[in-house]
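Using the sequences and the hints given, assemble the complete structure.
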Amino acid sequence: MNPVLKLILEGEPLTTAQMGEVLGMSRDDVDAELQKLRDEGVLLGWRPVLNPDFDGEDCVRAVIEVKISPERDGGFDRIADRISQFDRVESCYLMSGAYDLLVVIKAQSLQRVASFVFEKLATVAGVNSTATHFMLRAYKEQGHLIARPEEIDAKPAVSP
Amino acid sequence: MSSSQRFVANHVAGLPKSGIRDFFAIVSQMKDAISLGIGEPDFVTPWHIREAAIYALEKGKTSYTDNKGLITLRREISSYVERFFGISYNPENEILVAVGVSEALDIALRAILNPGEKVIYHEPCYVSYSPSIKLCHAEAIPVATSADDDFAIDPDKLIAAWEPGVKAILLNFPTNPTGGVTERAKLERIAKFAVEKDIVVLADEIYAELTYDGEHVSIASFPGMKERTIFLHGFSKAFAMTGFRIGYACSTPELVEAMMKVHQYAMMCAPILSQEAAIEALKNGEESVLMMKDKYQQRRDFITRRFNEIGLKCHVPNATFYAFPSLQGTGLSSMDFCQQLLKAEKVAVVPGTAFGPSGEGFFRASFSNSYEQLIRATDAIERFVGTLEPAEAAAK
Ligand SMILES: Cc1ncc(COP(=O)(O)O)c(C=O)c1O
Numbered sequence: 064m065n066p067v068l069k070l071i072l073e074g075e076p077l078t079t080a081q082m083g084e085v086l087g088m089s090r091d092d093v094d095a096e097l098q099k100l101r102d103e104g105v106l107l108g109w110r111p112v113l114n115p116d117f118d119g120e121d122c123v124r125a126v127i128e129v130k131i132s133p134e135r136d137g138g139f140d141r142i143a144d145r146i147s148q149f150d151r152v153e154s155c156y157l158m159s160g161a162y163d164l165l166v167v168i169k170a171q172s173l174q175r176v177a178s179f180v181f182e183k184l185a186t187v188a189g190v191n192s193t194a195t196h197f198m199l200r201a202y203k204e205q206g207h208l209i210a211r212p213e214e215i216d217a218k219p220a221v222s223p
Numbered sequence: 011m012s013s014s015q016r017f018v019a020n021h022v023a024g025l026p027k028s029g030i031r032d033f034f035a036i037v038s039q040m041k042d043a044i045s046l047g048i049g050e051p052d053f054v055t056p057w058h059i060r061e062a063a064i065y066a067l068e069k070g071k072t073s074y075t076d077n078k079g080l081i082t083l084r085r086e087i088s089s090y091v092e093r094f095f096g097i098s099y100n101p102e103n104e105i106l107v108a109v110g111v112s113e114a115l116d117i118a119l120r121a122i123l124n125p126g127e128k129v130i131y132h133e134p135c136y137v138s139y140s141p142s143i144k145l146c147h148a149e150a151i152p153v154a155t156s157a158d159d160d161f162a163i164d165p166d167k168l169i170a171a172w173e174p175g176v177k178a179i180l181l182n183f184p185t186n187p188t189g190g191v192t193e194r195a196k197l198e199r200i201a202k203f204a205v206e207k208d209i210v211v212l213a214d215e216i217y218a219e220l221t222y223d224g225e226h227v228s229i230a231s232f233p234g235m236k237e238r239t240i241f242l243h244g245f246s247k248a249f250a251m252t253g254f255r256i257g258y259a260c261s262t263p264e265l266v267e268a269m270m271k272v273h274q275y276a277m278m279c280a281p282i283l284s285q286e287a288a289i290e291a292l293k294n295g296e297e298s299v300l301m302m303k304d305k306y307q308q309r310r311d312f313i314t315r316r317f318n319e320i321g322l323k324c325h326v327p328n329a330t331f332y333a334f335p336s337l338q339g340t341g342l343s344s345m346d347f348c349q350q351l352l353k354a355e356k357v358a359v360v361p362g363t364a365f366g367p368s369g370e371g372f373f374r375a376s377f378s379n380s381y382e383q384l385i386r387a388t389d390a391i392e393r394f395v396g397t398l399e400p401a402e403a404a405a406k
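Chains A and B are the protein sequences, given in the same order.
The working numbering numbers the first residue of the first sequence as 64 and each following residue consecutively.
The working numbering numbers the first residue of the second sequence as 11 and each following residue consecutively.
For lysine-lysine, the following DSS-like pairs were computed, each having C-alpha atoms within a straight-line distance of at most 25 Å:
1. B:K293 - B:K69
2. A:K130 - A:K183
3. B:K71 - B:K293
4. B:K41 - A:K218
5. B:K305 - A:K203
6. B:K177 - B:K202
7. A:K218 - B:K305
8. B:K303 - A:K218
Quick caveat, the hints were computed from the structure, so don't treat them as lab data.
What follows is the structure in structure tokens.
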């Protein structure tokens, strides 16, 4: 695996200068590698992983199961793409099983989720039905456990 | 001398305090120091292993076990050791589960040594070797390993150190604190010598899984060696289970029985929850071990490259999570370097002399740490070294 990619996947937040130090490359080379990963469509972007309990702008999250009729040309792709273009849609996946698309959205309130589903999603030609599930609480977010405050005895600073 | 000092046995009074303890006292008083002094993984035990311990507790597993350890665990150990080391031990009578390699080593020495007998070991080495030997009223004979050999043992030196009364050779490859390993041919010469002189070999191979390039070779796997070797291994390092305090010794039925006598009276058995966790580790832990090893290896490449850039000559250890750079050219002793570095830059590394006199001129830096800390620590060491030799630093 590309060493720069391997390093960023470890998830430790490092500046490109620090990445360069770790990998024995110049900072410019690290930047070039990152640009290459973007150009290749491997690296789509950077975003912080936030605690979903954090009261930010968009605090309601929902997953929506969507059933659609595949089209003769392109199957599910055109409709999936159309749905994915909405800013509210965080992720959109084609699934096997009881429904076709799994759509993850974020909004400021329940009402906004509801109106998005009724006004935008359900009215897309080819969408047959939707089932919306609201998320109540997060326990783990993209590999990060949601920390519960807890006192931990530090381990000894020097040991044999 | 305080009045109760007179009650302390002579051979205990004569033991030096661990050099690490002195140093630890200084570090622990210092706020926000970066420590590269930690001799354990920076990972917590993988969750599936912790979860197995919790499950065992829920199931009410709170009793003593067989003195030798749970037979299920001994069976797992047997197949693991066969798979990984190529040595086959009978779970019924050739394996003993102990409270860490620490206890396994102690009972092994106590089982074989008569007062006055001698043990050859290589140095710099793990802090407990010489004291544990002396606690058996036996004599410790160190053989120095050197940076020129990447801290492999030189069989000629070992053979030259032999004298009448030597009962055992204690080997620790891969080595704490040097990360040294020893190739097959050299181990074979030592094995041959052990047979010739009828010596027992104790092999502490606790870092075996953390060998980066090539395969780990155990001296116990050589023809004719199983019957004179006590193979010591545990879970602390590879499985990040230091706090579980669990390890094991494998040998012949006679030697296991002898160790068993000491163990049964001194310890009774290893804690059952740790034994249950160890079963899970051996059954399903391989993936976690490989993941941790991969991370150590990348950090090793970084830290050794940095030490060499800084001008602290450092071999690339082929195993463990320790780098052992040389202080040559700094004009400072190990202890002075470590104390001054701590004072000037709040970075803790362990003086080589904590691992025996032959560790003079070196320090141990553990790279079981985050990149961010390793970068800060090495940058700080670079600044500090720069203040020591302005002439040379300017020339670079
Ligand atoms: C070489 C060596 N042997 C034994 C031990 C002790 O291991 P355990 O935790 O199994 O008692 C250590 C721990 O640092 C070690 O480095």
